[in-house]
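Undergrad: Everything in the sequence shown is counted per our numbering, starting at 21 for the first residue and increasing by one.
Please note: incorrect hints may appear among the correct ones.
Stated by the list, open to error - Restraint ranges, calculated between C-beta atoms of paired labels, are given here: (1) D202 <-> G176: 13 to 23 Å; (2) D74 <-> G186: 25 to 35 Å; (3) A112 <-> K211: 15 to 25 Å; (4) G86 <-> E209: 22 to 32 Å; (5) G97 <-> D188: 25 to 35 Å; (6) A112 <-> K132: 28 to 38 Å.
As the list claims (entries may be wrong) - Listed next, the in silico BS3-like pairs over lysine-lysine satisfying Cα-Cα at most 25 Å (straight line): (7) K135 <-> K190; (8) K61 <-> K104; (9) K164 <-> K229; (10) K52 <-> K73.
Keep in mind that the hints were calculated from the coordinates and are not lab data. Keep in mind that this is a model prediction, so the values were computed, not measured. C-beta: ideal position from N, C-alpha, C; glycine also.
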Amino acid sequence: MKWSWLSLAFALVMALVVPPPPVPAQAPDACKIVEDFAQAKVGEFPADWEARKDAGKAVYSVQEDGGLRFLRAHSKGLGIQAAKQHEWNLDAYPVLAWSWRPQEFPRGADEKDGKNDSALAVYMLVPYSRIVGPKAVKYVWSEKVPVGVHLTSNNGLTQVRVLRSGSDRKGQWVEERVNTRDDFLKFFEEKEVPKPAGIAVLTDSDDTKSSARGDYANFRVCRS
Numbered sequence: 021m022k023w024s025w026l027s028l029a030f031a032l033v034m035a036l037v038v039p040p041p042p043v044p045a046q047a048p049d050a051c052k053i054v055e056d057f058a059q060a061k062v063g064e065f066p067a068d069w070e071a072r073k074d075a076g077k078a079v080y081s082v083q084e085d086g087g088l089r090f091l092r093a094h095s096k097g098l099g100i101q102a103a104k105q106h107e108w109n110l111d112a113y114p115v116l117a118w119s120w121r122p123q124e125f126p127r128g129a130d131e132k133d134g135k136n137d138s139a140l141a142v143y144m145l146v147p148y149s150r151i152v153g154p155k156a157v158k159y160v161w162s163e164k165v166p167v168g169v170h171l172t173s174n175n176g177l178t179q180v181r182v183l184r185s186g187s188d189r190k191g192q193w194v195e196e197r198v199n200t201r202d203d204f205l206k207f208f209e210e211k212e213v214p215k216p217a218g219i220a221v222l223t224d225s226d227d228t229k230s231s232a233r234g235d236y237a238n239f240r241v242c243r244s
């Protein structure tokens with residue numbers, strides 16, 4: 021999917037309720053919050069996020085359960101990203117951490133072929149072009165494709181890493197920590213550490229013409 025909506029592109033150039041796993045105790049400044057949805061209005065699209073298309077605002081909404089606020093995604097035949105602008109020093113904070121929970125996998129999806137839909141996907145965005153959009157490292161939870169598989173999309177501008185696979189933890193929160201700096205340098209074969217411009221999420225079901233649901237919470241950048 022290409023990032024082409026004007027405001028973000030300009031800035032880039034410039035089930036069973038299971039609580040998420042607790043965030044490990046760390047030294048001060050070990051992690052910084054990117055988004056915890058604490059200030060967002062429940063039941064609404066978060067005000068400081070942007071949807072690639074207006075229809076995406078119906079896909080994503082902030083929900084609360086057991087004191088936890090999170091972003092819920094429910095895609096019905098749509099494939100629209102939502103993004104939050106957030107710059108940070110990737111050398112100082114190379115790790116991106118978050119929690120996610122798959123609720124419904126798109127029927128018949130396979131990220132390796134023309135049915136490239138995922139219940140959950142998280143992106144790190146790096147400025148590249150107003151015309152074709154940013155470079156991105158995309159982390160997906162696939163129902164079918166094995167963990168560790170590396171894929172590309174968007175003419176190579178999006179490098180995809182399958183982080184989770186299978187439906188055995190459907191309905192359960194899972195905590196993730198990935199070294200986005202190392203992944204970016206490896207996948208794009210670059211030596212210079214970039215400055216990220218934000219994060220994005222995508223729960224899509226347009227290629228399979230089905231439905232997909234998932235939840236996202238506790239986005240942070242960490243030193244390790």
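Undergrad: Could you run down the list of hints and mark each one as holding or not?
TA: Results for each hint:
The hinted window of 13 to 23 Å between D202 and G176 holds, with their beta carbons roughly 19 Å apart. For the pair D74 and G186, the beta carbons lie near 34 Å from each other, so the given range of 25 to 35 Å is met. Range check, A112 to K211: Cβ separation about 18 Å, and the 15 to 25 Å hint holds. With their beta carbons about 44 Å apart, G86 and E209 fall outside the hinted range of 22 to 32 Å.
The beta-carbon spacing between G97 and D188, approximately 26 Å, falls within the hinted interval of 25 to 35 Å. For A112 and K132, the hinted distance range of 28 to 38 Å is satisfied, since their beta carbons lie about 35 Å from each other. Of the supplied pair hints, the one linking K135 and K190 holds, its CA atoms being roughly 20 Å apart against a limit of 25 Å. Between K61 and K104, the direct Cα distance comes to roughly 16 Å. Compliance with the 25 Å bound is thereby established for this hinted pair.
Restraint check for K164 and K229: satisfied, since their Cα atoms lie roughly 17 Å apart, inside the 25 Å limit. A hinted pair counts as satisfied when its Cα atoms are at most 25 Å apart, and K52 with K73 does not qualify at roughly 29 Å.
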